[in-house]
Amino acid sequence: MTRQLTRRSFLKSASALSGTVLVIGLDAGNALASAGDAAEFTPFVRITAGGRVTAVVKHFECGQGTATGLATLIAEELNLALDRVEVEFAPADAATYGNFLFGGTQGTGGSSSMASSFMLYRRAGAAAREMLVGAAAEAWGVPADSVTLADGQLSADGHAAPMGEFVASASAREVPAKPRLKDASAFTVIGNPRTARRDNGPKTDGSAVYAMDLHLENQVVAVMLRSPRFGGTLVSFDDSAASDMPGFVRAAALPTRTAVVVYGENTWAALQARDAIGAEWDFSRADNRGSGQIKADLLAAVNGDAEFDAKGSAAETAELLDGAAQVIERDFFFPYLAHATMEPLTCTIAPTENGVMLHDGCQMPTGAQMAVAAVLQIPHENVEVTTLYAGGTFGRRSTQTADYHVEAALAFALAGGRRPVKLVWSREDDIRGGYYRPAVAHKVRIGLDEDGRIVGWDHRVSGTPIFKGGPMDAFIVQNGVDSSSVEGAHDTPYDIPGHHVGLTDDRSPITVNWWRSVGHSHTAYVMETMMDLAAAAAGRDPVDYRMEYLKGGTADHARMAGVLRLAAEKSGWNGPAAEGRSRGVAVHKSFGTFVAEVVEISGNADDGIVIEKVTCAVDCGVAVNPDVVKAQMEGGIGYGIGHAMRNEITFTDGEVDQFNFPDYEPLRISDIRAIETHVVPSTEPPTGVGEPGTPPSGPALANAIAVAGPRVTHLPISTNGVNFA
Amino acid sequence: MPFMLNVNRQTFEVDVPEGTPLLWVIRDELKLTGTKFGCGVASCGACTVHVDGEPTRSCVTYVEDVEGAGITTIEGVDSDVSHAVHRAWNELNVVQCGYCQSGQIMSAIGLLSGNRTPTIEEIEDYMWGNACRCAAYQRIRAAVRRASEILEA
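In order, the protein sequence lines correspond to chains A and B. The opening residue of the first sequence carries number 1 in this note's numbering; numbering runs sequentially from there. The opening residue of the second sequence carries number 1001 in this note's numbering; numbering runs sequentially from there.
Don't read these hints as lab results, they were simulated from the structure. All values reported here derive from a predicted model rather than from experimental measurement. Note that the Cβ used here is the ideal one computed from N, Cα and C, for glycine as well. Any given hint might turn out to be false.
As the list claims (entries may be wrong) - The following label-pair restraints were derived from C-beta to C-beta distances:
1) A/T352 with B/G1053: 43 to 51 Å
2) A/S313 with B/V1060: 53 to 61 Å
3) A/A300 with B/G1053: 42 to 50 Å
4) B/M1001 with A/E280: 33 to 41 Å
5) A/F475 with B/V1060: 44 to 52 Å
6) A/A577 with B/E1149: 40 to 48 Å
7) A/A577 with B/N1006: 49 to 57 Å
8) B/T1011 with A/Q377: 42 to 50 Å
9) B/G1114 with A/A577: 37 to 45 Å
Full structure from sequences and hints, please.
Written out as structure tokens, the structure is:
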């Protein structure tokens, strides 16, 4: 079945085993115009003669609910119940399935899936509806506007038929240039608070297939023995102790000298053999520092002049601070963090007639495709991708080097290119394998006048840039500033007078990557801690004080103030805290979404703090699946709080100190007693929800702790003499 | 070497070295992939199966120790408790990435099989070792309560 559609014809019929299939796409037109001519018409929905509807989803599903979300858009415009729409992941084909928010690259990230799909998938569903209605109207000799489509049935006065009957004739019809979209007031699926996730069934009966679950015939399992320090290169290895281990196949040095690949007939054999192999490494170009030194270096950087200015001028702000009635000053440190997806990294590369098939919980099909093609020296279109369910990502399944895809491709090539090769990372590989949230230091000095009003705010940041020097450098880096290091600070919605944000890059071979909410994962903590400190210095309530800086009348101010007000109201902020309880608040905008959170705690730092309740208010525009929005807030809050509480990746002489969950302890079921999420009703276009719940959670917790305990500015919180019950 | 295993009421002969974790026998030999590899050191619970009805971490359970035992994986559960748990999980949209959920469900079935009306504290104690990196805990807790309600109805 071809997926090439011409510019003018927008509907295409093709035959499949089940009979005639209607493939309906839409003119991506305006939305994709900026991506050039690459994307033309995109097949997003298929309907069979049997009336089976499939949403072809251009994103992967890592738990964020996008598969359900995009199916919801198709169901809405077809007037179908959501459970009548099947979900299928799109193949790798950036021209067809590119993400216009990523310049046409096919991939998922930046909480962009719904934002980039809302109109696209609705138009696809609406076009399908119009074509089917038109076909029925013609056959019945009635006006099109007298025909309705609902629950898979076409009907008009005196006529009725299942929509499948008109799939063939609809495919021959002219394409509606601008299909009529349903009015929001008529929505029954979009916004329905009780929709069921489409992946509930397979994810509860064990049948959902993740990349880790693949067993292709004749496959060999590959694991990597990597350099124990970042930047180390392989000198030699000795596999004699593994040679007669059952299931051990062979070992080989990667041509990159970054690892020894160990092949086994099964996973356990490969892991066991790896343990028996010794290797010698050259660390002369490695980062051999320990954590103490890394931290000292970063803090030294933010206590000096910034390398680049992201906003304002250091000199002008310095003058304002000189004239201030008082100056509040704090430095902050955020450790390296691993993503620790529940499913460790894995993918399989299998030979095909003219290339390979990559089986992967594939976050960035275009990047993976290009990287594998480059390693194997074949045209990228000969690298096909089968996207499977992903056992979490938090950003890790996409890196700018396509690191694990490259490893798999090298392992596939070194194995001769005839056997499918399944690359498996163990949990230890994952915790110790890099691509971390960078370690970052901040230094902030705020000047206040006699009335406690901010007169100047000097903010300096230092960390390893994520984008600089990578393939997206030209899009992200401006005037030397990698915006992923300062986002959430230099572009804060708060009206901050005399605001200077400076950045100094830290350079280390320790690999870094985007991690759920990227720069916001640390900037929100700093902004919201400093706001609380300023409010305290001014003798003001933390919510009221923040509101002073959201009075500019902009849409951002209104929405940020809106969630702050709602979270305050729902948490009972304006009344006294219950006996023995403390509350902290934080609000932040990320990825176009506004989230405010109030954390309520009991206990104390010595005997143990209990997180009693998190009250969350979110404004993400139209909430397509409100229950998914709530689930993402719950998950984002848990992710943020868990890491803020006790997670860090540390180093001794360049080697990671942590190995597995026992020393990178995940959030557990008893750590947060309750989370309550309130979704702001909105008619604004939908924005993302996968990441924005995370940024305010850590600072809201820290602000609650600071009410009666220490003010924590060096994370994780547990390293500051604060215990959790 | 050959081992005879009873998994989901079927007998299998597998030829693996002594010391092979049950997890890898189930996944790589029997191809029952609903049981997940998460950590390999019994600290996440994704690999939880029932051995003679008891939730057990299959990643640190060795093949030679479970010959003759009745092993049940997520694919083989079928009881009033498992039906209630599945229904509750679906009603509350518990899953996100879903990778830990086989283990969560096997633990929940274990809990409710022995105690049909657990308190919140009992749920948290029992489910503590099942990590969910998506942090779906709020719903896991609520779904165990809901399954309890279904069972008691």
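query = Where does the structure disagree with the numbered hints, that is, which hint numbers, in rising order?
reply = 3 and 6
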